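Undergrad: Based on these hints, arrange chain B on the given structure of chain A.
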Amino acid sequence: MSHDPIQLERIQRWMQSVITHPDGIEAAIDSDAARSEIDVTAKDVERVITRSQALDSIERLRVYGNAYYARLLECLREEYPALVHAVGQDTFDGFAFGYLQQYPSTSYTLAQLGRSFPQYLSETRPKRDESQGGPDWADFLIDIARLERSYSEVFDGPGGEDERLLEADDLTAIAPEQWPQARLIPVECLRLLALSYPAHDYATAVRKQHQPAPPQPSLTCLAISRRDYIVRRRAVSAQEFDVLQSLADGHTVGQAIEHAASDMNAEQVDELAANLRQWFTRWATAGYFRRLDVAQ
Amino acid sequence: MTPARLGQDHLGLGVGLRSKHYGHILKQQPDVDWFEIISENYMDSRGKPRYVLEQIAERYPIVMHGVSLSIGSTDPLDIEYLDKLRCLAGAVDAHWVSDHVCWTGVAGRNAHDLLPIPFNDETLRHVVERIRTVQDILERPLMLENPSSYVTFADSTMTEWEFLTRMTEETDCGLLLDVNNVYVSSVNHDFDPIEYLHNIPHERVVQFHLAGHTNCRTHLIDTHDGHVIDPVWELYRLAHELTGGASTLLEWDARIPEFPVLHQEVLKAKHYMGAQLPDTPFADHVEDETFAGAPSSVPHPATFVVAEVE
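First to last, the sequence lines map onto chains A and B.
1 is the number of the first residue of the first sequence in our numbering; add one for each residue after it.
297 is the number of the first residue of the second sequence in our numbering; add one for each residue after it.
Since the hints were made in silico from the structure, they are not lab data.
There are no misleading hints in this set.
Simulated pairs of lysine-lysine, DSS-like, Cα-Cα distance not exceeding 27 Å:
id: 1; chain 1: B; residue 1: 566; chain 2: B; residue 2: 323
id: 2; chain 1: A; residue 1: 208; chain 2: B; residue 2: 316
id: 3; chain 1: B; residue 1: 380; chain 2: B; residue 2: 316
id: 4; chain 1: A; residue 1: 208; chain 2: B; residue 2: 323
id: 5; chain 1: B; residue 1: 316; chain 2: B; residue 2: 566
What you are looking at is a predicted structure, and each value in this text was computed from that prediction instead of being measured.
Isolated chain A, as found in the complex (with noise of 0.2 Å):
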């Protein structure tokens, strides 16, 4: 064989396509992708790969084959433990198997690899049957799937441990008057998720090693956040939810306040305006806010 420098090239595209083909070694080598590299097929893939005194060279090359996806299914079952106890572990590594082969890591980091399963999961799940109204199991993993990204996203983002944030008494400060005016700047950690089911409950309780059973679908609205470097969540009302986003999107306290209150009977825009003050100072207790920025 030549040695040119796209002669590597091909060796590496080549081998690439062989060790993560998920169909196996043998077939890998024969199929068209490898071949439009190196012509060879599996009876004499020794022109390529030399074997050993104990292993022919399909057999060696079957080592990274096995790793590969062996290694990056270990990984992900590390960063979706309740999806794994949800559907077990083969039907997971199913899901992931696919999941590698439409989404295969394009990052130098493995922090990165999962990032799109709750996306694939949403593109891939069955057809939802309408007759049955409401969330199916599908949604419950997806849901799964969201939560446990978003700790992983959360847990080694940027957080507010290093800067002075938002308190409940920096709440006190500010004039009546300039409350409709006011933002909050939101910690870069903080997620909002609303979810068909209470998946944190559930998530939590596979961490401390129960086996807790699906439960029941519930509208459940989580901020999710990081204190002391550990991922806090918290379950809030739809209300409080819709008011916390409304912020994180950047909307004053005032347009925040009458979005919520939109679609609000006179009872309910009572309840909310009980509520502001305590929601306010919980969430200074949080830490969901580095800042409150008054218009001059």
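TA: Only chain B this time, still in chain A's reference frame:
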């Protein structure tokens, strides 16, 4: 004349920093000489891993060990990745930065494996050129490690040790000699590990790696999941004698034991450093090689960091 270890410090006996041991290290401040980190687990981190690393870096020497440089790939070098490596090295004042003589993917993909390259003149030229670029960007000493491998190429025209010798001499980079990898590859590729050790550039060996592996009877897999076996310790003894000694690091990445077990394992190295006597007794016997017979055993070049949730 090239100085021993390319003039780099002999840091002593260290272990790989793994998230499982964060609490123990911060609380107990164990008497470890130095830590090696997996660069990719920290270069983007803005959470606990990075926070813990900064505290540890204040007390212990740090060396950075990467798994995604992909120096042998025919894809372009990832400049953003290299910039992040340089920034992290500055932040933790890394003594040097290391990675492997391998490729991890092409066409924009990452297999997250340390894939072997054919050892020939064209590959050598390709790798040498890329090493020089990386050295210019990193502005820190670069060491490259011999990986364990499971295939050899019909295209190879030289031995691994000849390739490493020419590569390090042409670039002036250092060698991270993984003694376990020499042993694993020697079994997998039917070469003599002693001949390997005699023919590498000894003065360029800046660091040693030690680890456990899995014996699948027909081949060995570099699983980093157990004790270092006796034949590897004997190779370490020879490598130590030939090089005059270098910073030594134990890797343990699967079925990770409690920290004292890990620390004790690397301290065994003192028994193989010529006349220097150990000041710590063995906590357990030196284990014989075990036959796991597990064909699905998986090498772990990188570790995944699991989120901590309240």
